[in-house]
Amino acid sequence: MTAWTDHLLMAPIVVPMLAGAAMILIGDRRRNLIGLIGLVSTVTLVLLAGLLLAMADEPVVRIYRLGNWPTLFGIVLVLDRLSALMLALAAVLGFAAFIFSLGRWHRAGVFFHPLFQFQLMGLNGAFLTGDLFNLFVFFEVMLAASYGMALHGSGVARVRAGLHYITVNLVASLLFLIGVSVVYGIAGTLNMADLAFRMRDIVAEDRGLLETGLAIMGIAFLVKAAMWPLGFWLPPTYAAATTPAAAILSILSKVGIYAVLRVWLLLFGGETGPSAGFGSHWLVVGGLLTIAFGSIAVLATQNLPRLAGASVLISSGTLLAAIGAGQVAVTGGALFYMASSVLAIGAFFLLIELVERGREVGADVLAVTRAAFGSGEDEEELEEQEIVGVVIPGTLAILGFAFMACALLLAGLPPLSGFLAKFAILSAVLGPTGAGLRITAWALMAALILSGFATVIAMVRSGIDVFWTNPARRPPRIGVVEILPIAFLLLLCIALTVGAGPAMDYMQAAARDLHAPTAYLRGVFAGRPDAVP
Amino acid sequence: MELIASLAIGVLAGSGVWLLLRARTFQVIVGLALLSYAVNLFIFSTGGLRSGAAAILRAGESGSLADYADPLPQALVLTAIVIGFATTALLLVVLLAARGLTGSDHVDGRERDR
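Chains A and B are the protein sequences, given in the same order. Add 7 to the 1-based position in the first sequence for our numbering, that's all there is to it. Add 178 to the 1-based position in the second sequence for our numbering, that's all there is to it.
Derived by calculation from the structure, the hints in this document are not laboratory data. Watch out, some of these pointers could steer you wrong.
Said to hold, decoys possible - Non-contacting residues of chain A with respect to chain B, defined by C-beta distances greater than 12 Å in every case (computed): (1) ALA29; (2) TYR154; (3) SER180; (4) ARG214; (5) GLY215; (6) SER282; (7) PHE285; (8) ALA404; (9) ASP472.
Stated by the list, open to error - Label-pair ranges, simulated between beta-carbon atoms: (10) GLY284/A to PRO249/B: 31 to 37 Å; (11) ILE259/B to GLY57/A: 36 to 42 Å; (12) VAL21/A to ALA264/B: 50 to 56 Å; (13) VAL505/A to GLY188/B: 54 to 60 Å; (14) ALA232/B to PRO281/A: 34 to 40 Å; (15) TRP289/A to ALA253/B: 28 to 34 Å; (16) GLY284/A to LEU185/B: 35 to 41 Å; (17) ARG290/B to LEU498/A: 44 to 50 Å.
Ideal placement from N, C-alpha and C gives every residue a C-beta, glycine not left out.
Model the full assembly from the supplied sequences, consistent with the hints where possible.
Here it is, written out as structure tokens:
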């Protein structure tokens with residue numbers, strides 16, 4: 008039954024692993040060769056992701072058994088719609104960040120490219136794996152690489168933020184391990200599908216302990232997803248990281264969301280016995296608080312990288328609250344939102360560096376201070392020179408358009424995909440089928456709209472500040488390889504807007520599979536080992 | 179044996195958490211190390227604490243957890259030890275870098291203003 012296409016499931020892990028290993032062997036000196044290998048690897052990943060996305064869009068869930076061991080004894084990789092979607096997002100973002108890094112950032116320190124490949128390998132592995140312990144292992148691969156990426160380029164700010172980042176994540180990993188071992192001790196399995204089966208038959212006195220174990224594991228996921236109050240590490244780390252590193256780090260928080268989606272909906276969503284719906288209030292409340300915290304952070308921040316970090320918080324909060332609502336249509340909308348916001352935030356992180364380039368250090372802070380306390384200096388200067396209109400240079404105009412697109416996407420304003428995503432979530436929450444607590448629905452709606460409003464204010468303020476009142480003296484020198492990835496990501500968002508119909512169908516199908524995981528369970532257990540040819 | 183093991187885990191975890199919350203980077207890293215010992219012992223103990231039970235089947239005998247130790251937690255704990263060791267080593271390097279760059283061993287890179 009193993010067609011050759013089934014082996015493709017392994018490829019998203021193997022390709023970056025081989026590429027990264029080859030890069031280390033070749034050594035850091037031969038930049039061109041290494042860059043070429045990286046290019047081949049990332050392009051291959053994008054193509055593979057497209058192929059897997061097409062393969063996943065069918066009722067059958069595919070699995071790949073490593074070493075052809077029976078499902079419950081060996082390691083399985085599982086490809087369903089959700090994992091294919093996440094693979095695609097990681098591949099696209101990885102490609103864009105890789106191309107961007109070729110501009111200059113990959114020379115800022117040693118071993119950028121191998122770390123980048125291992126980062127992609129960890130991400131892909133986490134999205135594909137079908138058991139909890141391998142989820143932990145791939146989390147660690149991904150995190151170990153991300154520690155290197157966050158510190159890439161060195162410098163006081165990065166090391167200081169990196170120290171916090173690493174410590175917080177090590178503690179989260181320990182919590183993950185405690186959770187995993189409690190689950191194994193009670194249920195006797197780590198395979199997620201098998202665990203979902205056994206959830207129903209756990210005796211009442213063990214159930215509390217199992218739920219505790221899963222909750223401890225959930226805390227580890229939520230630290231990654233940066234739910235308030237577990238997410239204070241995020242904005243400083245992302246703001247301090249080098250640009251391509253920050254772009255790829257921005258999908259790391261979505262891995263936490265992915266893990267919550269996968270594990271929580273499999274074990275506690277729908278008809279899973281007495282434990283169904285365990286912890287959903289925590290997700291909703293935590294998500295809403297994260298949105299609130301993110302909105303305040305967006306308004307309070309005075310520089311662009313922190314603004315981007317705060318938008319990551321808002322996006323995480325929105326997703327958590329929407330998942331916690333526990334309805335199929337809302338989850339579908341949330342998946343669409345995730346695709347849109349991953350692309351938009353990635354593009355925004357890349358864009359920030361170009362915008363900031365050529366501006367004096369600390370210009371943002373000065374500008375906000377001027378706005379708040381008013382310093383007459385600038386106005387007088389302007390009057391003296393009697394400038395009627397300032398011609399905006401072409402480069403800045405392009406950057407301005409990209410900035411505007413990012414603002415629309417992040418705030419969720421029409422006509423781009425951010426609006427469609429928020430609309431999908433809200434219409435599902437408030438729709439006639441949207442049962443459940445009305446107060447949750449209204450709170451979610453208020454949070455979504457207010458956070459969008461806060462984002463608009465913050466983006467408009469910094470946009471005016473960067474492009475109009477306080478433009479760089481000389482337009483920044485920007486290479487084609489640096490503007491292309493941004494254009495690529497934004498074009499994908501536009502494609503997501505234009506092709507919203509099919510995309511939304513896909514997301515809704517993915518959400519249905521998540522809420523009623525019969526296809527997932529059947530797919531995983533269908534696998535008896537193949538006869539050795 | 180259960181009592182000793184759980185006391186050991188508890189003491190290690192308790193001291194680990196206490197050290198982790200301290201302000202000096204070295205204390206934090208020692209706290210993390212202690213905490214990871216506690217977690218490793220905990221993983222090991224989820225398979226049931228037995229002495230003298232092998233994890234590998236002898237030829238000709240059917241495997242049963244009554245006669246054998248559960249091999250899976252042992253495999254898990256090996257992986258966890260390796261990963262924990264590597265990441266702690268990495269943190270140690272970052273600690274040294276932070277000490278060198280900021281000139282302070284405070285976790286925030288500067289002393290708190292008094």
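Comparing the hints with the structure gives:
With a cut of 12 Å on Cβ distances, ALA29/A stays outside the contact zone with chain B, its closest approach being about 21 Å. Not every C-beta of chain B lies more than 12 Å from that of TYR154/A, the closest at about 6 Å, which undercuts listing it as non-interface. The beta carbon of SER180/A is not kept farther than 12 Å from every beta carbon of chain B, the shortest such distance being approximately 7 Å. For ARG214/A, the requirement that its beta carbon stay farther than 12 Å from each beta carbon of chain B is met, with the minimum near 17 Å.
Taking the minimum C-beta to C-beta distance to chain B, about 16 Å, the non-interface status of GLY215/A holds against the 12 Å cut. For SER282/A, the shortest C-beta to C-beta distance to chain B comes to about 20 Å, beyond the 12 Å cut-off, and the non-interface label holds. With a minimum CB-CB distance of about 21 Å to chain B, PHE285/A clears the 12 Å threshold, and the non-interface call stands. Look at ALA404/A: its CB is around 39 Å from the nearest CB on chain B, clear of 12 Å, so calling it non-interface holds up.
No beta-carbon of chain B comes within 12 Å of the beta-carbon of ASP472/A; the shortest separation is about 29 Å. Checked against the given bound of 31 to 37 Å, the beta carbons of GLY284/A and PRO249/B, roughly 35 Å apart, stay inside it. Here the CB-CB span from ILE259/B to GLY57/A is close to 39 Å, well matched to the stated 36 to 42 Å. Taking 50 to 56 Å as the suggested C-beta distance range, the pair VAL21/A and ALA264/B does not conform, at roughly 22 Å.
Restraint check, VAL505/A to GLY188/B: a C-beta distance of roughly 59 Å satisfies the suggested window 54 to 60 Å. Separation of ALA232/B from PRO281/A is about 38 Å and conforms to the stated range, judged on CB atoms against 34 to 40 Å. In this structure, TRP289/A and ALA253/B meet the distance hint of 28 to 34 Å, their C-beta atoms being roughly 32 Å apart. One distance hint, 35 to 41 Å for the beta-carbon pair GLY284/A and LEU185/B, holds here, with the actual separation near 37 Å.
Separation of ARG290/B from LEU498/A is about 48 Å and conforms to the stated range, judged on CB atoms against 44 to 50 Å.
The structure fails hints 2, 3, 12 (numbered hints given earlier, in ascending order).
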